[in-house]
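Enquirer: One-letter residues, chain by chain:
There are 4 protein chains.
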Amino acid sequence: MRRIRYAASALTVCAFLWGGGLYGATPPKKVIVDQDARGPASTDMQSILLFLQSPDVEVLGITLVSGDQWVKEQTQRTLRAVEIAGRTDVPVVPGAEHPFINSKELSEAWEEQFGTLGFKGAWTARTYHAPDVIPELKEGMPTTKPLNEHAANFIIRMVHKYPNEVTIWAGGPLTNVALALRLDPEVATLAKELVLMGAGFNSDKGGIHRINGRREFNWWFDPEAVRIAMSAPWKKITITPVDISVKTRLSPEIKAEIAKAQTPLADYHTKFAGGSYMWDEISALAFMDPTIITKEQELFVNIDINHGASYGQTIFVEKDMDARPGETPVTRKMASWWRVATVQWDLDTAKFYKMYIDLMSRPPRPRQPSK
Amino acid sequence: MRRIRYAASALTVCAFLWGGGLYGATPPKKVIVDQDARGPASTDMQSILLFLQSPDVEVLGITLVSGDQWVKEQTQRTLRAVEIAGRTDVPVVPGAEHPFINSKELSEAWEEQFGTLGFKGAWTARTYHAPDVIPELKEGMPTTKPLNEHAANFIIRMVHKYPNEVTIWAGGPLTNVALALRLDPEVATLAKELVLMGAGFNSDKGGIHRINGRREFNWWFDPEAVRIAMSAPWKKITITPVDISVKTRLSPEIKAEIAKAQTPLADYHTKFAGGSYMWDEISALAFMDPTIITKEQELFVNIDINHGASYGQTIFVEKDMDARPGETPVTRKMASWWRVATVQWDLDTAKFYKMYIDLMSRPPRPRQPSK
Amino acid sequence: MRRIRYAASALTVCAFLWGGGLYGATPPKKVIVDQDARGPASTDMQSILLFLQSPDVEVLGITLVSGDQWVKEQTQRTLRAVEIAGRTDVPVVPGAEHPFINSKELSEAWEEQFGTLGFKGAWTARTYHAPDVIPELKEGMPTTKPLNEHAANFIIRMVHKYPNEVTIWAGGPLTNVALALRLDPEVATLAKELVLMGAGFNSDKGGIHRINGRREFNWWFDPEAVRIAMSAPWKKITITPVDISVKTRLSPEIKAEIAKAQTPLADYHTKFAGGSYMWDEISALAFMDPTIITKEQELFVNIDINHGASYGQTIFVEKDMDARPGETPVTRKMASWWRVATVQWDLDTAKFYKMYIDLMSRPPRPRQPSK
Amino acid sequence: MRRIRYAASALTVCAFLWGGGLYGATPPKKVIVDQDARGPASTDMQSILLFLQSPDVEVLGITLVSGDQWVKEQTQRTLRAVEIAGRTDVPVVPGAEHPFINSKELSEAWEEQFGTLGFKGAWTARTYHAPDVIPELKEGMPTTKPLNEHAANFIIRMVHKYPNEVTIWAGGPLTNVALALRLDPEVATLAKELVLMGAGFNSDKGGIHRINGRREFNWWFDPEAVRIAMSAPWKKITITPVDISVKTRLSPEIKAEIAKAQTPLADYHTKFAGGSYMWDEISALAFMDPTIITKEQELFVNIDINHGASYGQTIFVEKDMDARPGETPVTRKMASWWRVATVQWDLDTAKFYKMYIDLMSRPPRPRQPSK
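Protein chains in written order, with the working numbering: chain S, 1 to 371; chain P, 1001 to 1371; chain Y, 2001 to 2371; chain V, 3001 to 3371.
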């Protein structure tokens, strides 16, 4: 009985939220959710749950990568979250344990030169444990198991299985994505698009050197992976940077609203979700409903991979050259390894919060038939 | 007669503008004005004129450095502007023709990798001429001569002559300042302070890659000089970055107001001044009256000197570490070559424009007795 | 008849060459031969054939990586060579098509700054074709097929199947090895050792900038892969650098000697082998019989991955600090990502050439039972 | 009486040593000796003394720069050596105290990443004192005074006074030379040539990381100065690298031979000279008599100024491109900031030692008339 009730309320909210894809009017979008899934109930995990809850999305798998936490710990926490969401039909696929070049030791040498960073994910000194250690999970230990396949190989298998249909959505460091690209040069052209939370530009909040938005955690953690991913011939790249993240906040009011749903997922959210910027949730929901974004821009994108002061900093370059008044803008000539990305600068926060509350308040989606 | 009239009107404006230093109540501040003085009537030249016009400032000399234009051309244009201002008592001192490492050729190689820059000063392709060429000056050719001493040697001589009294105010690339520091390690400790227009941070306007405020012209032109200057043991460093520059504009209204003065200087301003951001004028006037600045912050400051994507980009790092609520902030531990600077973020534009109009409308200051 | 004859002659040569492992006295060493196998009959291919011919070695597979040629072309050429050697029991496993970061385009930008390179493998302008193109093979087209598994995954599978038994021998860029390391952090500790041809130091011959031995092709092609591979916790690393390669030469005399064997392999060698330094053959034979090396040294090893003039250059650092006469040498304290490698500096060329002639003159080894 | 005797013996030796310039047959070559003059009786000081002793050279001045020791200490030690040589007519001119960018602190950060260096000149930990400290001089305190002009200004003044006549000979870091070049862009074209000891290439001895000859002290101490000096339009650059230095040694036999002269200079040499490679002496004597060099090569020359593993390492690039047999070599196309230098690779050591002994055994040269 209870289940019916919250399905109904969700329906009401949804009806005016979405036009298109709702309830199967169009086939759901196939997505691989690639995350550094800190748990419980971080921005990472919430974005996973939004994907699992959305009727417009078919999650082919959740691939994990070290970042906010080590991948082994994340795997357990994600399996648990997926169980709580009632979606154990979705494979959880562990991926890279270490970035390509960057490391705890290298970051410490950098900090001696350029100043201590405020947050370093799995490498943060005050919460550090070894990659193999799984701390006790306050959200409960999972009973399900991860897929016995590397995230990168999983990505490759999926883009070949569903050519031109798969969105790779990345909410963490891009190590898995870059590994897939280097294992198989066809990944970028076979995928539908790459959508990600990462980068930062002219924000004085949200960076791991605080006032420096270009020192964004996901991209800083594995700069070479970003360089590989940002140089690949994707059909489309969409970026949710720090600059837009910091315009949001998971407030007590939102939490209270979701708590009303009294589902296991809502309870998990109520117990464990903090009050942070909604980094990854914006990127997830904008993928489902692009109309929450009110300002975006096409920009050349890359990252500094020189091992100096700016290692791991975002580079955005204007797509068009300065045009004097009356002249037609000319696309900037860039070296062949540059790509243009759509970068989101602003959003309709009211619409965004509503959509977030709705999806988080829904009953569990039915398990999908296995593929 | 005319002279008396505009002297009177200036007096009126001044009376309520300034409290302290006005008309010799306190001894005027000794300043070396170091500039890449593009002429005629650029932001560079206006800032020089403001110094020459201010009764609160004693300009020991105007030292010139390549940047917006080549130093040989600037020397002629500055001599002319100084003649127009009636201040040929102030020595004009040519300095460095080339930055330490950066060059037209190196910048072109950089652009092939990272995209064409919108403005490169003396190296800008569409206006390029050789360093030795002096184009015809539409403002008229000067009859006076520059000092036969290098700007760097002049700076050294002055800080020794007036220990702890000399402000080095820099509105261009820091090549002269860095040369002085390397010729004489006492320059920084003998000077009173370093005040400069340069750097940029989280501004999407004003950079030479436009949306990238950290690619600020003065600092980009000679990054190694900035590194040298920013690592020296000055008593105080004050920085006017792009972020505050772009909040101002030399409007037709301001120009019209100044035109009323009908002095040679006002006429020069009317004829030649454009409508740009008031980059250097803010720095000059804030030096004379710090109360025009409404927001500033102490930050560690440096520049990226690695020859990659971020060569020449500003680095600002928060002085204090992240403090959790209730904790006392702790000053960040930085490598020995970092210095703290006061960085100006916002200003009282009304007050600033008034002060600008007043100084530019004044009659020429009397020539000072030679030193 | 013929077969018996050349088996006998080989036996004669061998009998005094080897003591230990000969003819199964000890179990053959398991090795994965990772190569950028330019064909036909290059140093790359000869080293593969030496492994296939040696009774002391069990080749688990030949993994291929772009370098001297593109991996797709190499795959065909290697299959053909393996057929000629009569060893189609050994799997041929294609691997990475592109290095992590380096690329044809990036190398061209580097060359504009620092001078044209003499050889760039698959990227060499005068012989360039696209990665997918397979030119006609003058040695004949193969009828066998490669394994349907990525080289990196193959490496991972083998080290898990035979823990502590597998030598990874690498004669090309280290992209496959680095991919394996990043896909599975246990690869280095599960493998027996890493043996490779690559790097260079104080040689004025053999580099791709000629007089600069530190610009060695294999390492230059994928510097980041080298950094990953050289930072992994291998039990042992052995390096055959340019400095020793240039002391050898595949002479007409050696070719004539091998021609006498009149096997298909010898015929292939006679037809196609050139007169180059015996880069990879030294590394292969020294692995089989370490006594051909007459001088070696333990050194800290790494590579420059900063994207400047020295991108991709070898770094060797002495293991011990300068000790003054009478003092005991102290091991240099290095950052955690440095490893010590055994670097070969000199060899017994007579012994080396004999061993080369013997193995190349042997009859095909019997096919091994499939694993 | 005594004086006559050693003049005679010197004459005997000289007579068959030199043909040309001896005893004023041609006017002596004007040279500025720029040194990091560690005293007493180091390779630095010996090279200065050779210049002072040679009848073929007119030393315009000895300009000093921090390197092996701090410039303030060097100034005292050089004044004393000049007094001992009886050449107080030659001005001693102190120059730069610090390199452009490199510093003790920066070098320590580098060492943490890439390994401790064996020697760091004035920054060497075990012998460190502050720049202002003058330790007691065992060779005696000088009574003469240095010139009151900066070395860089002195260089500028001299090349203007004697256009196309002055050789700048540099035996230390190039800070003074680079300062002169940046203060006055005409220095390179007004000078006759630049001759220097510095750089290193394929030597496994003599570097400050020992087996790495490209980490040569003079160039490592101030890499940006080298870049400036090596990019200037000199008529000719001649380089004496580590590779040739390590072929020499100041032996007890040589010392004993010189001791016989019993001049104050010979006594100083006997008491204080050690047994090191004859770094700077080669460069000095090859300048006086180029026939001691038996092998040299024209090479493009530069230095790595990226702040990574290779910061401060020599770069030599072959002047001509690889030519296939029968083809005419083509000069490599290089970016505009590259220059060609003549690099000395080998010498006639017997001739070199003889020349050294002869000059060091001579009586003091008569003081020259002041200029």
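Since the hints were made in silico from the structure, they are not lab data.
Be aware that one or more of the hints could be misleading.
[Stated by the list, open to error] Straight-line alpha carbon distances no greater than 20 Å define the calculated PhoX-like cross-link-like pairs of lysine-lysine that follow:
hint, chain 1, residue 1, chain 2, residue 2
1, V, Lys3333, Y, Lys2104
2, V, Lys3029, V, Lys3295
3, V, Lys3247, V, Lys3192
4, Y, Lys2205, V, Lys3271
5, Y, Lys2030, S, Lys104
6, V, Lys3205, Y, Lys2295
7, S, Lys30, S, Lys161
8, P, Lys1236, P, Lys1333
9, P, Lys1104, V, Lys3333
10, Y, Lys2192, Y, Lys2030
11, V, Lys3029, V, Lys3205
12, Y, Lys2319, V, Lys3205
13, S, Lys333, Y, Lys2104
14, S, Lys295, P, Lys1205
15, Y, Lys2295, Y, Lys2247
16, V, Lys3104, Y, Lys2205
17, V, Lys3295, Y, Lys2205
18, P, Lys1333, V, Lys3104
19, S, Lys205, P, Lys1205
20, P, Lys1295, S, Lys205
21, P, Lys1235, P, Lys1319
22, S, Lys333, P, Lys1104
23, Y, Lys2319, Y, Lys2333
24, S, Lys319, P, Lys1333
25, P, Lys1161, P, Lys1072
26, S, Lys354, S, Lys247
27, P, Lys1319, S, Lys205
28, S, Lys104, P, Lys1333
29, Y, Lys2333, V, Lys3295
[As the list claims (entries may be wrong)] Far from chain V, by Cβ distances over 10 Å, these chain S residues were calculated:
hint, residue
30, Ala109
31, His129
32, Lys161
33, Lys192
34, Ser276
35, Trp345
All C-beta atoms, glycine included, are put in the ideal place defined by N, C-alpha and C.
Enquirer: Tell me the numbers of any earlier hints that the structure contravenes, in ascending order.
Expert: 2, 3, 4, 5, 11, 16, 24, 25, 29 and 30
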